[in-house]
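Input sequences plus hints: build the corresponding full structure.
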Amino acid sequence: MNTPNINMSGIDLPGIKTATLPWLSWPQTLKLLLMEAKSDLLTLWRSPGFVAPSLIFPVMFYLLFGVFLTKGGQSDYLLVTYCCFGVMGPALFNFGVNVATEKSQGWLTMKQIAPAPVSAYLFGKMVSSLLFALVIVLLLFVCAALFGDVRLYTSQWLGLAGLVLVGTLPFCLFGLWLGLTLSAKAAPAVVNLIYLPLAFLGGLWLPIHILPGFMQQFAQLLPSFHFGQLALSVIGRDLAQPWWQHLLALIVFTLLFAVLASRAFRQNRSV
Amino acid sequence: MTTPYINIRNLTKKFAQHPVLNQLDLTINAGEIVAILGENGAGKTTLLNLMLGLMPADSGEIQLFGQPASALQQSMALRANIGVMLQQASLPGNLTVLEHLELFSCYYPNPRPLPELIQSCGLSDIVQQRFASLSGGQKQAVLFALAIIGKPVLLFLDEPTVGLDVAARQAFWQQIRQAKADGISVVLTTHYLEEADQLASRILVLKNGHFIADGSPAQLKAFGLTRQICCCTRLSQTLISSWPEVQRVAQLEGQPAAQLDTPKNAASGQQLQIHSRQPEQTLRRLLALDEQLADLTVSGVSLEQAFLQLTQAQEHSA
Amino acid sequence: MVSKPWIIGLGSALALAVFFSLLPTPMDPKKPDTATTSTNTADPASFVLGPVQLFDGEAWQGQRYLEVRQGRINQISASPIKNELPQIDGEGMSLLPGLIDAHVHTYNDALELAPQYGVTTVLDMFMSAQLMKPLQAGRDETPNQQRADLYSAGTLVTAPKGHGTEYGMPIPTIETPEQANAFVAARIAEGSDFIKIVYESAKAPRKHFPSIDEATLTAVIKAAQQQGKLAVVHISDQQSALEAVRAGAHGLVHGFIESRVQQKLLDLMKAQNVFIIPTLAVHEAMSVRQHNAKYVLNRDDLKLRANQRHNLKQGFTQFNIPPALFDNLLYNTRVMHQHGIRILAGTDAPNPGTAHGISLPLEMLLLQQAGLSLDEVLKSATSVPASSFGIQQAGLLKVGAKADLLLVGNVKNDLTALFSPHKIWKNGVQIKPLISAAASTVSAGLLADFVQSRKTVQGLGISASSDSMMQGQSSANMSWIAEGYQSTGAIRVDGAIKPGFSYPWSGLTYLPGKSMEQGADLSAFSQVSFAIRGTPGSYQLQLFSAGSMLPVVADFTVSHEWQVVTMPLSQFAGAELSAISMLLWSAPANAPQPEYFLELDEIKIN
Numbered sequence: 001m002n003t004p005n006i007n008m009s010g011i012d013l014p015g016i017k018t019a020t021l022p023w024l025s026w027p028q029t030l031k032l033l034l035m036e037a038k039s040d041l042l043t044l045w046r047s048p049g050f051v052a053p054s055l056i057f058p059v060m061f062y063l064l065f066g067v068f069l070t071k072g073g074q075s076d077y078l079l080v081t082y083c084c085f086g087v088m089g090p091a092l093f094n095f096g097v098n099v100a101t102e103k104s105q106g107w108l109t110m111k112q113i114a115p116a117p118v119s120a121y122l123f124g125k126m127v128s129s130l131l132f133a134l135v136i137v138l139l140l141f142v143c144a145a146l147f148g149d150v151r152l153y154t155s156q157w158l159g160l161a162g163l164v165l166v167g168t169l170p171f172c173l174f175g176l177w178l179g180l181t182l183s184a185k186a187a188p189a190v191v192n193l194i195y196l197p198l199a200f201l202g203g204l205w206l207p208i209h210i211l212p213g214f215m216q217q218f219a220q221l222l223p224s225f226h227f228g229q230l231a232l233s234v235i236g237r238d239l240a241q242p243w244w245q246h247l248l249a250l251i252v253f254t255l256l257f258a259v260l261a262s263r264a265f266r267q268n269r270s271v
Numbered sequence: 001m002t003t004p005y006i007n008i009r010n011l012t013k014k015f016a017q018h019p020v021l022n023q024l025d026l027t028i029n030a031g032e033i034v035a036i037l038g039e040n041g042a043g044k045t046t047l048l049n050l051m052l053g054l055m056p057a058d059s060g061e062i063q064l065f066g067q068p069a070s071a072l073q074q075s076m077a078l079r080a081n082i083g084v085m086l087q088q089a090s091l092p093g094n095l096t097v098l099e100h101l102e103l104f105s106c107y108y109p110n111p112r113p114l115p116e117l118i119q120s121c122g123l124s125d126i127v128q129q130r131f132a133s134l135s136g137g138q139k140q141a142v143l144f145a146l147a148i149i150g151k152p153v154l155l156f157l158d159e160p161t162v163g164l165d166v167a168a169r170q171a172f173w174q175q176i177r178q179a180k181a182d183g184i185s186v187v188l189t190t191h192y193l194e195e196a197d198q199l200a201s202r203i204l205v206l207k208n209g210h211f212i213a214d215g216s217p218a219q220l221k222a223f224g225l226t227r228q229i230c231c232c233t234r235l236s237q238t239l240i241s242s243w244p245e246v247q248r249v250a251q252l253e254g255q256p257a258a259q260l261d262t263p264k265n266a267a268s269g270q271q272l273q274i275h276s277r278q279p280e281q282t283l284r285r286l287l288a289l290d291e292q293l294a295d296l297t298v299s300g301v302s303l304e305q306a307f308l309q310l311t312q313a314q315e316h317s318a
Numbered sequence: 001m002v003s004k005p006w007i008i009g010l011g012s013a014l015a016l017a018v019f020f021s022l023l024p025t026p027m028d029p030k031k032p033d034t035a036t037t038s039t040n041t042a043d044p045a046s047f048v049l050g051p052v053q054l055f056d057g058e059a060w061q062g063q064r065y066l067e068v069r070q071g072r073i074n075q076i077s078a079s080p081i082k083n084e085l086p087q088i089d090g091e092g093m094s095l096l097p098g099l100i101d102a103h104v105h106t107y108n109d110a111l112e113l114a115p116q117y118g119v120t121t122v123l124d125m126f127m128s129a130q131l132m133k134p135l136q137a138g139r140d141e142t143p144n145q146q147r148a149d150l151y152s153a154g155t156l157v158t159a160p161k162g163h164g165t166e167y168g169m170p171i172p173t174i175e176t177p178e179q180a181n182a183f184v185a186a187r188i189a190e191g192s193d194f195i196k197i198v199y200e201s202a203k204a205p206r207k208h209f210p211s212i213d214e215a216t217l218t219a220v221i222k223a224a225q226q227q228g229k230l231a232v233v234h235i236s237d238q239q240s241a242l243e244a245v246r247a248g249a250h251g252l253v254h255g256f257i258e259s260r261v262q263q264k265l266l267d268l269m270k271a272q273n274v275f276i277i278p279t280l281a282v283h284e285a286m287s288v289r290q291h292n293a294k295y296v297l298n299r300d301d302l303k304l305r306a307n308q309r310h311n312l313k314q315g316f317t318q319f320n321i322p323p324a325l326f327d328n329l330l331y332n333t334r335v336m337h338q339h340g341i342r343i344l345a346g347t348d349a350p351n352p353g354t355a356h357g358i359s360l361p362l363e364m365l366l367l368q369q370a371g372l373s374l375d376e377v378l379k380s381a382t383s384v385p386a387s388s389f390g391i392q393q394a395g396l397l398k399v400g401a402k403a404d405l406l407l408v409g410n411v412k413n414d415l416t417a418l419f420s421p422h423k424i425w426k427n428g429v430q431i432k433p434l435i436s437a438a439a440s441t442v443s444a445g446l447l448a449d450f451v452q453s454r455k456t457v458q459g460l461g462i463s464a465s466s467d468s469m470m471q472g473q474s475s476a477n478m479s480w481i482a483e484g485y486q487s488t489g490a491i492r493v494d495g496a497i498k499p500g501f502s503y504p505w506s507g508l509t510y511l512p513g514k515s516m517e518q519g520a521d522l523s524a525f526s527q528v529s530f531a532i533r534g535t536p537g538s539y540q541l542q543l544f545s546a547g548s549m550l551p552v553v554a555d556f557t558v559s560h561e562w563q564v565v566t567m568p569l570s571q572f573a574g575a576e577l578s579a580i581s582m583l584l585w586s587a588p589a590n591a592p593q594p595e596y597f598l599e600l601d602e603i604k605i606n
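Chains as they are written, first to last, in our numbering: chain R, 1 to 271; chain E, 1 to 318; chain Y, 1 to 606.
Any given hint could turn out to be false.
Looking from chain R toward chain Y, a few residues come up when the C-beta cut is under 8 Å (computed) [to be verified]: (1) Gln245; (2) Leu247; (3) Gln267.
Here are the computed lysine to aspartate or glutamate pairs in the EDC-like style, where the Cα-Cα straight-line distance is at most 20 Å [claimed, not checked]: (4) Y/Lys133 / Y/Asp109; (5) Y/Lys303 / Y/Asp109; (6) R/Lys38 / E/Glu102; (7) R/Lys111 / E/Asp165; (8) Y/Lys4 / E/Asp182; (9) Y/Lys432 / Y/Glu517; (10) Y/Lys432 / Y/Glu190; (11) Y/Lys514 / Y/Glu112; (12) R/Lys31 / E/Glu102; (13) Y/Lys264 / Y/Asp237; (14) Y/Lys207 / Y/Glu258; (15) Y/Lys303 / Y/Glu112.
Calculated directly from the structure, the hints in this document are not laboratory data.
On a predicted model such as this, the values are computed, not experimentally measured, just so you know.
C-beta: ideal position from N, C-alpha, C; glycine also.
Shown next, in the form of structure tokens:
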């Protein structure tokens, strides 16, 4: 008879250990993180309903508005804003819609009962979202360089890519909060209803100074606006507001969504 | 005396003021294979969710390995010692069986080696298939493999064979027997009497929010072998109920037996429903005593009726 | 299994590095690309310019060729650039970034005049907030606009009845430090790019106007910093300057003339990296009054409007500044410069003694006189104001910058070349010279007799006018009446003159020229006459010189009967007769009763 592995070391102690990953060795932890990332990436990659819109829409819209229909001189401005628009997609949808779906399928409950750390799951989703975001950014760069005659210093290309990728964080948390709060049926509709207006009203589709004054004021409330402005400051095409104000706004949004998401998470656990 | 694996005291859980579980007690020790038997809606899944700390109780105490069930959320060690198959769970359909197994095995510091697990769970043919393309039985097999991948000491199975055909169900029972042989304790919920009978060392019957029976399969076998005899006979119900192997006699139209035991109905006969532990004996008596016995059918007793018997037996013995 | 992720990781990193190194940078020459859309071929803002001697805003780079595409500099190369774009010969002349005037006031056609002398960006230190936002538009892009880019302070920050409130434009004022945050926020909401504060210390040797106190100054500067804007301060004396710098000002927008700068202020300015815009030209015009005549007024080949020429002859003489005090300002500027304090070139145009555009070279000559080297002077009008005010779109000639360019004869040794700019580009489009500035000519004789209608024989026309247009309480209504003096037709005005506006007026205005900016040349004539009757009393004829809002006034009397009033033009001493924009017949501010009427006919000039 095989003796089962009774690892009761944590149980006989008087207090319960609130452990995240104290008992997996470092190589095991690394492997876990990589596996979560790989699993989520494979799930995404094998969903045509995710891959196609994520990659195609930003490229398509950029070519349309930023290259062929523009009166010139806007291709670099719109490259930046469409990069922001493009990376928001995987963040909001992978964390928004997919978490809601996985929750409704009972997959999250299974992970809750197994010793699966939530942080590893979120890490995996973050990595896969970032990889998609990177692919989108690179595709847009290629379009901009080949068709839009956009020229930036190498430091600007790199800085833009880096900044835009880091800037997905508040949107990942936003998506996470939505995914934990919405039902699987409602999630796609709601996330779409948020994603597109957020991008448009934040000045990511058409330059913000084309929109009427009151809309420009309203944009100050939107994370997408601050994201776009911060990214635009890399090429010096942002409005007159100082860059640190946009950074501060994004930090505030990140904290806000983190608090909302962790509250929703605790409510989901319900114990 | 070692700490019981599961210890529940005075558990009450209400949904919209209606008590689904009412002052329920339960103790399960190491080495038991326990089946919780109940009709649909009896509260089996609710009980399981409470034991796993997935919802809070309204009152009462639930302990798992001597710790409160709510501690499950915080303790990796606790979670590693149990394996669970939930009824409503499904896995992301895009990943293959192997990818699911690989991911899940990463959660444990000392998981079962994958080749051996695949072999023993019968997954060798479907290892590269995507989860969404599997049949119902194959999906359950994968979920079972995930439940035991971490070498748990205690397995929770929630209605594991619902919707499976006979062959799949049999294959699954074989898996559980294998787990039993490996020294894993099992708590499973089901509404299949035969399943409880096949697998469990102890059966608990859940009705009206608490356990109305708690015993070995042998006790239930008695009720499982009860047969129902329907016939039209001139014999009086009083006579038939006096036979020792007869558990219950009822008039088919639902009128109480006493009213019909009158001479003027004796000649025309009455439709009766007889529950007998030894149906062959009862049939011999009927055929011997009533040459005009008619409309004779013999069938198995439903779970509902077996439970009724159980209840009445307990009440009578109390 | 562990090595596979490492291989994937390293391989991806390598691929990314290669990818990023291949992305095109502005340094790469562009091949003519038929795949792109058609905007390039006929675009006026795309061309190649060279050879030029390039000053990039910081240093001379030697001979260069410049490629401009769609209004931005695409390439700067030491060798000729051959492509499909039109080639413009630079003839080896000096190419500078479009100049930045660091201290102006914007109204009327300021932004159109400035680029005529290569000033393509202006920093405005007080203007009407309502006019600001539309004029600020386009400065981040390269639209085709024949005007300078505007960065503005909008409404300045001043005390009630302080400096800034005397121009007839109602502006908000501030009294206490507690109001600072809201006041600054309101300015930023109006569109202010930076905050300009007027300050005069309680300990200043000479008090010019009521001022906010030091506590309020400090609070406003702090609020500006917190809200992300630069805070610059207008001071007129060293004590106020010292307190302003202590309060945290980023810059001073005037030099001070009454004393020589002390070490204390120098050290403080240096330590806090405070810059200064000395505005030498406007100070020179109120003291020495020789500079403009020496370089500009003695020439008649320069492109100047009559009203600009008129303004350059003026000065703030009412302050009675002895000429010797200007040496203090030159000294202060020299010493500050030697101490490494940033000096910015700003003109304070269009105050008396200055004119938009041409005053910047005049200012630059004075900075040279104060001891800045020629290269440093060029920087003070290009890269230094740009970096001091955080303006990224102007002040430097580099790839990606807007094509604001000034092509002049050899300016490496002689700044006066700036008075004859050869070509000026704004956003890559050449600035067209404004229409010839001469005032309209007027024939002797009849200006208007209103025979059949209100139409005048010469000039733009006549209309009713009162200070109600400046939120005053007066009124005026004009009508044509059939019965005139000796013939049919006259103009009647019914109005009331009431206190309210600082300089009340009510009556009729007549424009003798083809436009109010140009005015009419009346210098050949000696008198103006007109027939008039109305409510008896004393009235005024006010003559306005083109570009000036301060008229020269002479009185005349009106009775119930028609009378011909003849007024010699010599009565209007001080008016620029070569460019008279307007004649105003007005009731006097001190009229015994508010209501009046006038009937006017047969306006003649001889």
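Check your understanding: Does the alpha-carbon distance linking R/Lys38 and E/Glu102 stay inside the 20 Å limit?
Key -> Holds. R/Lys38 to E/Glu102 sits at ~11 Å (cutoff 20 Å).
Review point. Can the restraint linking Y/Lys432 and Y/Glu517 be considered satisfied, given a maximum Cα separation of 20 Å?
Key: holds (18 Å)
Point to revise | Given pair status - Y/Asp109, Y/Lys133, alpha carbons within 20 Å | key: holds (16 Å)
Point to revise | 20 Å limit on alpha-carbon distance, applied to hinted pair Y/Lys303 and Y/Asp109 | key: holds (15 Å)
Review point. Does R/Gln267 pass the interface check with chain Y, least Cβ-Cβ distance below 8 Å?
Key: Violated - the Cβ of R/Gln267 stays beyond 8 Å from chain Y, reaching only about 36 Å at its closest.
Check your understanding: Taking only the CA atoms, is the gap from R/Lys111 to E/Asp165 under or equal to 20 Å?
Key -> violated (28 Å)
Review point. Is the Cα-Cα distance between Y/Lys264 and Y/Asp237 20 Å or less?
Key: Satisfied, since the Cα-Cα distance of roughly 14 Å is no more than 20 Å.
**Study point:** Straight-line alpha-carbon gap R/Lys31 to E/Glu102, limit 20 Å
**Key:** holds (10 Å)
Exercise for review: Would you mind confirming whether the straight-line C-alpha gap from Y/Lys514 to Y/Glu112 stays at or under 20 Å?
Suggested key: holds (19 Å)
Point to revise | Holds or violated: Y/Lys4 to E/Asp182, with C-alpha atoms at most 20 Å apart | key: violated (35 Å)
Exercise for review: May I ask you to test the interface hint for R/Leu247 with respect to chain Y, counting a Cβ-Cβ separation under 8 Å as satisfied?
Suggested key: violated (12 Å)
Review point. Within 20 Å, alpha carbon to alpha carbon, are Y/Lys432 and Y/Glu190?
Key: violated (32 Å)
In the structure shown, a violation is registered for the earlier hints numbered 2, 3, 7, 8 and 10, in ascending order.
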